[in-house]
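Here is how the chains run, residue by residue.
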Amino acid sequence: EDQVTQSPEALRLQEGESSSLNCSYTVSGLRGLFWYRQDPGKGPEFLFTLYSAGEEKEKERLKATLTKKESFLHITAPKPEDSATYLCAVQARYGGSQGNLIFGKGTKLSVKP
Amino acid sequence: DGGITQSPKYLFRKEGQNVTLSCEQNLNHDAMYWYRQDPGQGLRLIYYSQIVNDFQKGDIAEGYSVSREKKESFPLTVTSAQKNPTAFYLCASSKLLNTEAFFGQGTRLTVV
Numbered sequence: 765e766d767q768v769t770q771s772p773e774a775l776r777l778q779e780g781e782s783s784s785l786n787c788s789y790t791v792s793g794l795r796g797l798f799w800y801r802q803d804p805g806k807g808p809e810f811l812f813t814l815y816s817a818g819e820e821k822e823k824e825r826l827k828a829t830l831t832k833k834e835s836f837l838h839i840t841a842p843k844p845e846d847s848a849t850y851l852c853a854v855q856a857r858y859g860g861s862q863g864n865l866i867f868g869k870g871t872k873l874s875v876k877p
Numbered sequence: 002d003g004g005i006t007q008s009p010k011y012l013f014r015k016e017g018q019n020v021t022l023s024c025e026q027n028l029n030h031d032a033m034y035w036y037r038q039d040p041g042q043g044l045r046l047i048y049y050s051q052i053v054n055d056f057q058k059g060d061i062a063e064g065y066s067v068s069r070e071k072k073e074s075f076p077l078t079v080t081s082a083q084k085n086p087t088a089f090y091l092c093a094s095s096k097l098l099n100t101e102a103f104f105g106q107g108t109r110l111t112v113v
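Residue numbers (my numbering), protein chains in the order written: chain X, 765 to 877; chain V, 2 to 113.
No wet-lab data here; the hints were simulated from the structure. Nothing here was measured: the structure is a model prediction, and the numbers come from that model. Glycine included, each C-beta is placed from N, C-alpha and C at the ideal position. Careful: at least some of the hints might be erroneous.
Said to hold, decoys possible - Facing chain V, according to a computed beta carbon distance under 10 Å, are these residues of chain X, among others:
(1) Gln770
(2) Pro772
(3) Leu775
(4) Glu809
(5) Leu826
(6) Gln855
(7) Phe867
(8) Gly868
(9) Lys869
(10) Gly870
All chains, full assembly: derive it from the sequences and hints.
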């Protein structure tokens, strides 16, 4: 069964304290992996798409990387405005959920000043 | 500005009533989706549509219905057959099926 697991469920950081969020996945052939940011009571905001192992993408303090089994979202010197829930989703190439996005439960990040 | 508009933001309905959630996009996207989000769970796909007048069931379609009469619009009806309708509903669209999806701001439905 296609599955996405995000860890940790919650992460508290001090401003400037770098860390990483993990997204591990099991799918029948990966077509793409997506990262979103979601603020409370709002819809997810698209951040990155990764397609193949070894691929990396950056945006401001965020950097996403991809291996054959997992993806990391690295946050460098976070600021309080980076506080949000970060969602990971994968798109399978084959199988019953072919083509559809499978979302993890998210990691809730809190950055304290 | 281009984007996806969901309305209303909050919706209250009595048990047993049908309710329709609106979703409009002006991004000229072909594909549109409806997701449901519950606390502690990932987003779950209700219905999706690749083109006008065509739509497919997602993982949790029971108790829901949709239509796609126009490219820009993809309304979701939550029927009385949906056993646990209280949730946060998200509409999304993408240029092609399952490429980068862009989400609306959501509708929080509470059934009392």
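_Lys869 of chain X was flagged as interface toward chain V. Is the shortest Cβ-Cβ separation under 10 Å?_
Nearest chain V Cβ about 5 Å off; hint holds.
*With a cut-off of 10 Å, does the beta carbon of Gln770 of chain X approach a beta carbon of chain V closely enough for the hint to hold?*
Holds: closest Cβ of chain V sits about 9 Å from Gln770 of chain X, inside 10 Å.
*Closer than 10 Å between Cβ atoms is the bar; does Gln855 of chain X clear it against chain V? Give me holds or violated.*
5 Å, holds
*Given Phe867 of chain X as an interface hint, is the shortest Cβ-Cβ distance to chain V below 10 Å?*
4 Å, holds
_Interface hint status, Leu775 of chain X versus chain V (Cβ within 10 Å)_ = 16 Å, violated
*Taking the least C-beta to C-beta distance, is Gly868 of chain X closer than 10 Å to chain V?*
5 Å, holds
*asked:* Glu809 of chain X was flagged as interface toward chain V. Is the shortest Cβ-Cβ separation under 10 Å?
replied: 7 Å, holds
*Does the nearest C-beta of chain V fall within a distance shorter than 10 Å of the C-beta of Gly870 of chain X?*
7 Å, holds
*Hint check: is the beta carbon of Pro772 of chain X less than 10 Å from a beta carbon of chain V?*
14 Å, violated
*Hold the hint about Leu826 of chain X up to the distance rule: shortest CB distance to chain V must be less than 10 Å.*
16 Å, violated
Going down the numbered hints, you'll see the structure goes against 2, 3 and 5, while the others check out.
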